[in-house]
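Here is how the chains run, residue by residue.
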Amino acid sequence: MSGAGACNCALVGTPNSGKTALFNALTGSRQKVANYPGVTVERKAGALTTPAGLSVKVVDLPGTYSLRARSPDEEVTRDVVLGRLQSEPPPDVILCVADATNLRLSLRLVLELKRVGRPLMLVLNMFDIAKRRGVEIDIARMAAELGVPVVTAIAIRKGGTEEVLRRLDELAADHAHVRQASSWQAPTSTELRAAQREADAIIRSSVKMPVKPDNLTTRLDAVLLHPVAGLIILFVILFVMFQAVFAWAQPLMSTISLGFDWIGAEVHAALPPGLLQSFIEHGVISGVGSVIVFLPQILTLFLFILLLEDLGYMARAAFLMDRIMGGAGLHGRAFIPLLSSFACAIPGIMATRVIDNKRDRLTTILVAPLMTCSARIPVYTLIIGAFIPAHQIWGWANLQGLVMFGLYAAGIFSALGVSFLFKFFFWRDDPSPPFMLELPDYKLPRVKSVALGLYTRAKAFLTRAGTTIFSMMVLIWFLASFPRPPAGAAGPAINYSLAAAIGRFMEPVLKPIGFNWQIDVALVPGMAAREVAVAALGTVYSIQGGNEAAQQIGHVLAGQWSLATALALLAWYIFAPQCASTLAVIRRETGSWKWMAVTFGYMMVLAYVAAFATYHIAVALGAG
Amino acid sequence: MFLFDQTPPAAAGKTSSPLGRAQAGFRGRIHAIEVTDADCGLHPDELERRLIELGFVEGASVEILHEGMFGRDPIAVRVNHATIALRRREAMAILVT
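From first to last, the protein sequence lines are chains A and B.
Note that my numbering numbers the first sequence so that position 182 is 182, with each residue one more than the last.
Note that my numbering numbers the second sequence so that position 77 is 77, with each residue one more than the last.
Worth flagging that the hints you see were computed from the coordinates, not collected in a lab.
Please note that a few of the clues may not be correct.
As the list claims (entries may be wrong) - Coverage of chain A stretches by chain B, computed from C-beta distances (three or more under 8 Å per stretch; other residues unrestricted):
no.	region
1	45–54
2	87–98
3	101–108
4	191–205
5	429–436
Said to hold, decoys possible - Partial list, derived from the structure: chain B residues whose beta carbon lies under 10 Å from chain A:
no.	residue
6	Pro18
7	Phe26
8	Leu47
9	Val57
10	Glu67
11	Arg72
12	Val79
13	Ala82
14	Arg89
15	Leu95
Cβ atoms here follow ideal geometry from the backbone N, Cα and C, with glycine treated the same way.
Chain B on its own, in the form it takes in the complex:
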């Protein structure tokens, strides 16, 4: 069975900002996954599930390794020990501290 541990966001006091706005070289931890952008071509819940399936969950460490040439997009993100490429628009749903 799955564990349903609903740890409340622990980083009280720290301000979180979307990974989609961070610069290359940024290092931090995921604070929350919140899909707000409705203009994504995917149902928000579906986008959230896909992000989780690629390892973007609260508490995971992230680092922006590389960016594309145009509009510094897409970005390559180290999530714990794997590297995931995604666009900044989707990365807006990943709140990091």
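Next comes chain A alone, as it looks inside the complex:
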């Protein structure tokens, strides 16, 4: 044991073993998510106290089939288990987590982990499901044959981990498990084969599988993985997801919007007219409010992604999309990071760490920012709401929703096109690496884990609204308010401000694509976060227009912009690299400035060309 009574425990397991559920059950709210130094692999750590009063620090390591690390994620698992990471104490105890219904690959991993020479325990998770399916496991026999203690757990049930805690005490106290030197080496194919056979032999002698296997997954897959029906269902799911983001979130958004209107009016009434009133009303409340309004939409999107993930559908989506994405030079596994990029490119880019091939990973990183992230939703909604009529067409679809769907489609197709070009120019001759993925059994998502996921996302978004977005709004308000106009000046005060000067400076470059100086000003803080542009437009126009224009920004835009300008801005936002954090993550994940510059460059060119073409075509069609 290291330290006075403290014990370091590492959770290792194959993907889909329910490792994270067990981690949540063991540590509850006592957990902390951070990054390992130098890499962006998420480090999930927590604490627990055993019945005997031993305090244990638990780390949840990325899932892996072997310690032979093949991706940055798996390298972390290997290095922590082997005690090679400077920042991380070597584990005193290793818990190998396995899905009790699917033991083969986990038992082989246990045999490999034994070589590390540290106290080791196998946790058979999801034991309730195994029982229900009629899987009979002779725990004592399995433990004897494996040579490591075996316990059962039901991570999702209250008290389902008591056995783990009790045995953890024994394991920590048992001096027979004194640490030995690690004899682990990357196993050869012969060793792997032998180990898998040994694992299979142990399963044969200690596990009785039911005569009738789980048919639900097979039956569902017959439809969901059907060559034609499966793809159609996938697209229907995506379509419903995007319609839901608009339809379901609307009532909540109206409520939030009304709330901020009310606060703004109260502040307006309570404070004497002047700079402070303007700052609180326009800078803070209307700025931050115009962004927070989008929380329901972002959470709806995340709700879908979390549900599909927990259900086990995401791996199926990768299976269905592999060939289609392969045509564009993307790996089937890239589907999951790219789908996450619909919420935000940052977790999407970080999720590419599951792609073991460097080249595939790089392509995915480069195109991930083209996926329509949730920060674009505010911009799209604002412009669509102001310029596109809410007609019903074909009796069921909403024209606004359809335009939105079109914008998403444009993002997807441009991502496929760009990745195809990257493949063609940079690595045309390399053969494509393999696609191999376990398809887990379907599981009903747990309300608690989905709620926890949504809570984390909401917190991150509100923190951002409270920090980055808030500070940008203060800056915009300042730029739009100072210097004050000279006494007796004609026209709105904002025309004399720094913001107007900046906007006019950029005007010559952006005028050809139909942008006015107010848009130019909004684009600058929009680099901090895309949705800030909406708030910035709100601030700029509300300071310009006075109080009557303070809230209904959409109406103001509809009066001030031509349809061509609005469409050009939409086209710009499909492509523009308007997010400093994404660029920073690309720099960190690729480890090079070069790829960050490549991303910025190609997106900027695409944005300009697309906006230019859109504007001029629209003007030619009479929308100018």
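With chain A held as given, fit chain B onto it using these hints.
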């Protein structure tokens, strides 16, 4: 320690064929893992190890459950009690009877 049991391929007389050529619904046993296709983007030894890590070892039962729409690729294979998705090109290395 690992067991080094080098059972010789037992299925003498039966002809084995690559899983990569089998139709949906095929059921059989793995006879050997032999990576020959050099055009795979992975070192043959690495591909062999990855296949084994996903449970493709001699003697395991396999069944092709599903295929993709284009070129009937990729395939979803039941290996003992787990389901693995892979492309037909990699499945060529899995010889089945």
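TODO: Mind listing which of the numbered hints don't hold for this structure, in increasing order?
DONE: 1, 2, 6, 7, 15
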